[in-house]
Amino acid sequence: MKDTKKAFTRYVWRTLLFMASYVLLNVSAIAGTVDHLSLPTLWLYSALVAFPIAAQIYVTLSLVRDSDEFVGALMAKRMIVAMGLTIALFSAWGFAESYAHAPHAPGWLTYPLFWALFGVTSPFVQSTKR
Amino acid sequence: MINSVRDLRISYGWTQAELGARVGVSRQAIIAIESDRHDPSLELAFRLAAVFKRPVEEVFTNAFTSAQSPSGTSQ
Chain E
6 MKDTKKAFTR YVWRTLLFMA SYVLLNVSAI AGTVDHLSLP TLWLYSALVA
56 FPIAAQIYVT LSLVRDSDEF VGALMAKRMI VAMGLTIALF SAWGFAESYA
106 HAPHAPGWLT YPLFWALFGV TSPFVQSTKR
Chain A
92 MINSVRDLRI SYGWTQAELG ARVGVSRQAI IAIESDRHDP SLELAFRLAA
142 VFKRPVEEVF TNAFTSAQSP SGTSQ
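These protein sequence lines are chains E and A, in that order.
Take 6 as the starting number for the first sequence in the working numbering and just add one per residue.
Take 92 as the starting number for the second sequence in the working numbering and just add one per residue.
One or more of the hints may lead you astray.
[Unchecked claim] If the Cβ cut is set under 8 Å, some of the chain E residues that face chain A in the computed set are: (1) Thr9; (2) Lys10; (3) Phe75; (4) Ser132; (5) Thr133; (6) Lys134.
[To be verified] Rough simulated footprint, nothing fancy, chain E against chain A, three-plus residues with beta-carbon under 8 Å: (7) 108 to 121; (8) 128 to 136.
[Unchecked claim] Ranges between beta-carbon positions, derived for each pair: (9) E:Trp120 x A:Glu134: 31 to 37 Å; (10) E:Ala52 x A:Val142: 47 to 53 Å; (11) A:Val147 x E:Lys7: 55 to 61 Å; (12) E:Asp40 x A:Ser132: 52 to 58 Å.
Derived from the structure by calculation, the hints contain no laboratory data.
Glycine included, every Cβ here is placed at the ideal spot set by N, Cα and C.
Let the hints inform the model, and build the full structure from the sequences given.
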């Protein structure tokens, strides 16, 4: 039998860890601490940002695997909804940038956008059925 | 899926958390089954039927036994 409570506690702690790493990397970049770094180091720093994101996807998939069938299915459904909306919105914005002179939105915004949409849509995704 | 999980649980005097612990799922899963927001897997349906000491069709109404095939044509 799966211990959903334990799986969820593990998910929350791991999420806090990787979210904090992601925020720290972004805040330090916005604060200008990376401005003096060499180009290869900046490339490395950019790649480093992907680590907490990839880790977070693993953490979420672990929750789906380790929790009961309802919590796992609901989490997967919420992820799909949020990811779909993120791709749709960012694609629309990209087209607007290319053809409608919209201001540039940096690609790294997709991750915070995904979580914002996850938070906004989750209260409306309460069923695994429809 | 129409089910009598809530009525049976109350008749046994169990909370949703207690029933969840007996069948190995979270309280949220029991709430979702009772409020028709989740159709349980066959395994979970059998677990629920077992703790209630009833046949699974007494806990979950089979909507396909009224002379209807899965494709919707009469047999």
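Here is what the structure says about each hint:
1. Because the smallest distance between the Cβ of E:Thr9 and any Cβ of chain A comes to about 4 Å, under 8 Å, the interface hint for this residue holds.
2. Because the beta carbon of E:Lys10 sits about 7 Å from the nearest beta carbon in chain A, less than 8 Å, this interface hint is met.
3. Annotation: interface hint on E:Phe75 holds; nearest CB of chain A at approximately 4 Å, less than 8 Å.
4. A least Cβ separation of about 4 Å between E:Ser132 and chain A falls short of the 8 Å threshold, and the interface hint therefore holds.
5. The beta carbon of E:Thr133 comes within 5 Å of a beta carbon in chain A, closer than 8 Å, and the hint placing it at the interface holds.
6. Because the closest C-beta pair between E:Lys134 and chain A is about 6 Å apart, less than 8 Å, the hint holds.
7. With 5 residues having a Cβ less than 8 Å from any Cβ of chain E, the segment 108 to 121 of chain A passes the three-residue criterion, so the hint holds.
8. Check result for the segment 128 to 136 of chain A against chain E: holds, 6 residues qualifying (beta carbon to beta carbon below 8 Å, three or more required).
9. Roughly 33 Å separates the CB atoms of E:Trp120 and A:Glu134, a value that falls within the hinted 31 to 37 Å.
10. For the pair E:Ala52 and A:Val142, the supplied restraint of 47 to 53 Å holds, since their beta-carbon distance comes to about 51 Å.
11. For the pair A:Val147 and E:Lys7, the supplied restraint of 55 to 61 Å is violated, since their beta-carbon distance comes to about 21 Å.
12. Distance hint for E:Asp40 and A:Ser132: a CB-CB separation of about 54 Å, consistent with the stated range 52 to 58 Å.
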